[in-house]
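S.K.: Sequence:
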Amino acid sequence: MLVKICGLGTAADVEVVAEAGADAMGVVLSGTSPRAVPVELARELVAAAAGALTTVLVVHDLPIDVAVDRAREIGVDVLQLHGYSEADARHAARELPRTWRAASVASGDAVGPHPAVGHLTVGAWGEEVLLLDSHVPGSGEPWDLALLGEPPRGRWLLAGGLSPDNVAAAVAAVRPWGVDVSSGVESTRGVKDHGRIREFVAAALGRSGEQGESGEQGKSGERR
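Just so we're aligned, residue 0 is where the sequence shown starts under numbering that gives the first Met the number 0, counting upward by one.
Hint data in this document are derived by calculation from the structure and do not stem from the laboratory. Don't be surprised by glycine CBs; every beta carbon is placed ideally from N, CA and C. There may be inaccurate statements among the hints.
Restraint-style ranges between C-beta atoms, simulated for each label pair [stated by the list, open to error]:
| id | residue 1 | residue 2 | range |
| --- | --- | --- | --- |
| 1 | T31 | T9 | 33 to 43 angstroms |
| 2 | G122 | V65 | 19 to 29 angstroms |
| 3 | A51 | R71 | 15 to 25 angstroms |
| 4 | L146 | E39 | 37 to 47 angstroms |
| 5 | D60 | R93 | 14 to 24 angstroms |
| 6 | R174 | H118 | 15 to 25 angstroms |
| 7 | S186 | G125 | 18 to 28 angstroms |
| 8 | P141 | G194 | 19 to 29 angstroms |
| 9 | S84 | S186 | 14 to 24 angstroms |
| 10 | G20 | V190 | 18 to 28 angstroms |
| 11 | T187 | G125 | 16 to 26 angstroms |
Let the sequences and hints guide you as you build the complete structure.
M.R.: Structure follows, in structure tokens:
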């Protein structure tokens with residue numbers, strides 16, 4: 000089970016995420032997000048996490064060439080795309096070693112090993128990991144997990160409305176490869192609550208014994 004904590008804003012956030020046992024951290028570059036950070040701060044946070052966490056740059060309103068350049072400039076391991084076209088996603092996958100892609104599940108979408116909706120297939124647009132989120136990423140809004148039907152195969156992250164209180168049940172219900180949280184571990188919008196981060200990681204990794212295997216942590220910070 001891979002655990003990613005997104006929208007970090009301080010060096011203390013990074014330290015707590017690593018100490019709690021998470022695998023990945025995200026920094027956001029977006030003019031509309033309350034978690035957006037300047038490029039220089041993003042670079043500092045990524046440097047602080049190097050070797051301890053997989054570092055992810057999250058973008059959704061930058062031109063794709065700019066997003067690729069920022070990923071290189073900041074030095075992240077992964078570029079995570081929200082709301083980009085297939086052409087843009089494939090371009091980023093060609094330009095960078097690792098890309099993750101977010102998508103939303105709507106009523107009528109078919110998800111599974113052979114979905115009718117191609118954009119909900121892991122790797123369909125060249126990405127390494129698919130993230131299934133609510134329609135408004137980072138909003139904390141939950142979505143109906145029943146829409147998944149049969150969960151996709153491969154590396155996919157569950158996001159959207161997760162918190163320390165519900166992540167264990169969500170993992171038990173749909174068995175994702177990993178989970179991603181932002182607003183669910185905040186004290187106020189855009190400000191991380193370190194206690195909730197610790198609680199979330201513990202619940203997601205099944206330290207209560209309710210989840211499946213977490214596996215051993217790999218060199219890149221991902222659990223196998």
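S.K.: For every hint, state whether the structure bears it out.
M.R.: Evaluated hints:
no.: 1; hint: T31 x T9: 33 to 43 angstroms; result: violated, 21 angstroms
no.: 2; hint: G122 x V65: 19 to 29 angstroms; result: holds, 24 angstroms
no.: 3; hint: A51 x R71: 15 to 25 angstroms; result: holds, 21 angstroms
no.: 4; hint: L146 x E39: 37 to 47 angstroms; result: holds, 40 angstroms
no.: 5; hint: D60 x R93: 14 to 24 angstroms; result: holds, 21 angstroms
no.: 6; hint: R174 x H118: 15 to 25 angstroms; result: holds, 21 angstroms
no.: 7; hint: S186 x G125: 18 to 28 angstroms; result: violated, 37 angstroms
no.: 8; hint: P141 x G194: 19 to 29 angstroms; result: holds, 21 angstroms
no.: 9; hint: S84 x S186: 14 to 24 angstroms; result: violated, 36 angstroms
no.: 10; hint: G20 x V190: 18 to 28 angstroms; result: holds, 22 angstroms
no.: 11; hint: T187 x G125: 16 to 26 angstroms; result: violated, 37 angstroms
Violated hints, listed in ascending order, are 1, 7, 9 and 11; each of the other numbered hints is respected by the structure.
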